[in-house]
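**Student:** Next come the chains, spelled out residue by residue.
There are 2 protein chains.
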Amino acid sequence: MKHNDILDRIHVILVGVTHPGNIGATARAMKTMGLSHLRLVQPKHFPNAEATARAAGADDILAKATVYDTFEESLQDCHLIMGTSARRRSISWPTLTPKQSVAKALSSAGKVAIVFGREQSGLTNKELDLCHFLIQISSNPTFSSLNLASAVQIVAYEMRCGVENHDDDLKMGRAYASAESMAQFYQHLEDTLIHIGFLDPNNPRQLKRHLYRFFNRIQLLKPEVNIFRGIFTAIQEHHKRKNN
Amino acid sequence: MKHNDILDRIHVILVGVTHPGNIGATARAMKTMGLSHLRLVQPKHFPNAEATARAAGADDILAKATVYDTFEESLQDCHLIMGTSARRRSISWPTLTPKQSVAKALSSAGKVAIVFGREQSGLTNKELDLCHFLIQISSNPTFSSLNLASAVQIVAYEMRCGVENHDDDLKMGRAYASAESMAQFYQHLEDTLIHIGFLDPNNPRQLKRHLYRFFNRIQLLKPEVNIFRGIFTAIQEHHKRKNN
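Protein chains in written order, with my numbering: chain A, 1 to 244; chain B, 1001 to 1244.
Here chain A stands alone, though its shape is the one from the complex:
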């Protein structure tokens, strides 16, 4: 999958924007990071000269922005819907950091909606009910009033960084091991540790948890799985030679 293909699947949706300057600043923030699809739900003023001025060269994004009467309509063709918030919510929505949201976007097929709420009040709970995830941008607990276009800037920046890292990984043949390959890897690891007497099969819990946590933290790449499994095999072969 190419870089631009992924950024091209992302649609930024602004719900109920009051200040047209924020629409222009959002377009600029998007374009600097390579995003181009903007949807507006009930903007107070649009099109608008101030929006165009603040877009500062990203007016092509304003020109092809689409306006919707309802939030539901703006989402109809989207497969993954992520709402954003700078504030901590009391209700426990399934929450992602901006970095985690990139992984979700990368692994999804189809159009991805990233939704930003009103300047003063954000998204309503009813609107959040339509989102699969809430992206929570870490902020100063005593001053979390992130400007709307700044929030767009941060999420768009993370999306760009994420797809660039992803591209680099692919370029270097550094794709991560599949879940199936990891299951085989864990089995091979466990057999080997039992073999050398390091893992007690009757009491494996604590050690296995540590090892799972470790390998989940680092996310093995395909060639790394091969090296490790080669080592496991060498340990077991060595053992067999000694026994014969």
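Since the hints were derived computationally from the structure, they do not count as laboratory data. Check before you lean on any hint, since a few could be wrong.
Take a look, some chain B residues computed to stay more than 12 Å from chain A by CB distance [to be verified]:
| no. | residue |
| --- | --- |
| 1 | Thr-1095 |
| 2 | Ala-1103 |
| 3 | Lys-1104 |
| 4 | Ser-1181 |
| 5 | Ala-1183 |
As a list, the in silico DSSO-like pairs of lysine-lysine whose alpha-carbon atoms are at most 30 Å apart [as the list claims (entries may be wrong)]:
| no. | chain 1 | residue 1 | chain 2 | residue 2 |
| --- | --- | --- | --- | --- |
| 6 | A | Lys-99 | B | Lys-1111 |
| 7 | B | Lys-1104 | A | Lys-171 |
| 8 | B | Lys-1208 | A | Lys-171 |
| 9 | B | Lys-1240 | A | Lys-240 |
| 10 | B | Lys-1208 | A | Lys-240 |
| 11 | B | Lys-1099 | A | Lys-222 |
Glycine included, each C-beta is placed from N, C-alpha and C at the ideal position.
Chain A is already provided as a structure; the job is to place chain B on it using the hints.
**Tutor:** Here is chain B on its own, set in the frame of chain A:
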């Protein structure tokens, strides 16, 4: 080291800002991420009502901002100086991504300056000569005109994420293994692989490089080093038992 201690060592320096609104928006961007020290070198208009309006509640940062006549003076008490740029420079400055710049800030002692240049032209080469590193924010090659306060927002956001991750690591006792401990680890690994016949001591190059690259990529935590060294010892003990 506590979270706020690190953010409190960071000083944002704006050089030659033309639009006072950008000073206010910068103050707001800083405060949302927990930064509070702002320095201004030859601002065109300051103090200014538009700056205060755009600060939107971060006017305490404007009130204690310091103004300097020259860039050199603004840097005098800083130990680490990092300039920023959204454009690719033809001259090859030592360049960091925003994420990499956080590691530099975390590992430095004393005050850290993060420097942002003029709206239209950025920092001059002469100004960049005074910077230890250039932070390059990834952007759309055909539209890299990031708004000044948006650039501040991204770098401030990364600083906050970086210190939060660092705090989490410390809280969970997840400090990384020291260089000394890693050197012992590599020796133990090498001995073990030779022991089981997986590594040929006469031709170790390619495999050792792969393993070093792997363990450098993932940065082992202290308890992880202990688990691995326990496994190495078990493999060697097992071998000895078989030989006796």
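**Student:** Decide, hint by hint, whether the structure agrees.
**Tutor:** Against the structure, the hints come out as follows:
no. : hint                    : result
1   : Thr-1095                : holds (15 Å)
2   : Ala-1103                : holds (15 Å)
3   : Lys-1104                : holds (17 Å)
4   : Ser-1181                : holds (16 Å)
5   : Ala-1183                : holds (20 Å)
6   : A/Lys-99 to B/Lys-1111  : holds (28 Å)
7   : B/Lys-1104 to A/Lys-171 : holds (27 Å)
8   : B/Lys-1208 to A/Lys-171 : holds (22 Å)
9   : B/Lys-1240 to A/Lys-240 : holds (14 Å)
10  : B/Lys-1208 to A/Lys-240 : holds (25 Å)
11  : B/Lys-1099 to A/Lys-222 : holds (25 Å)
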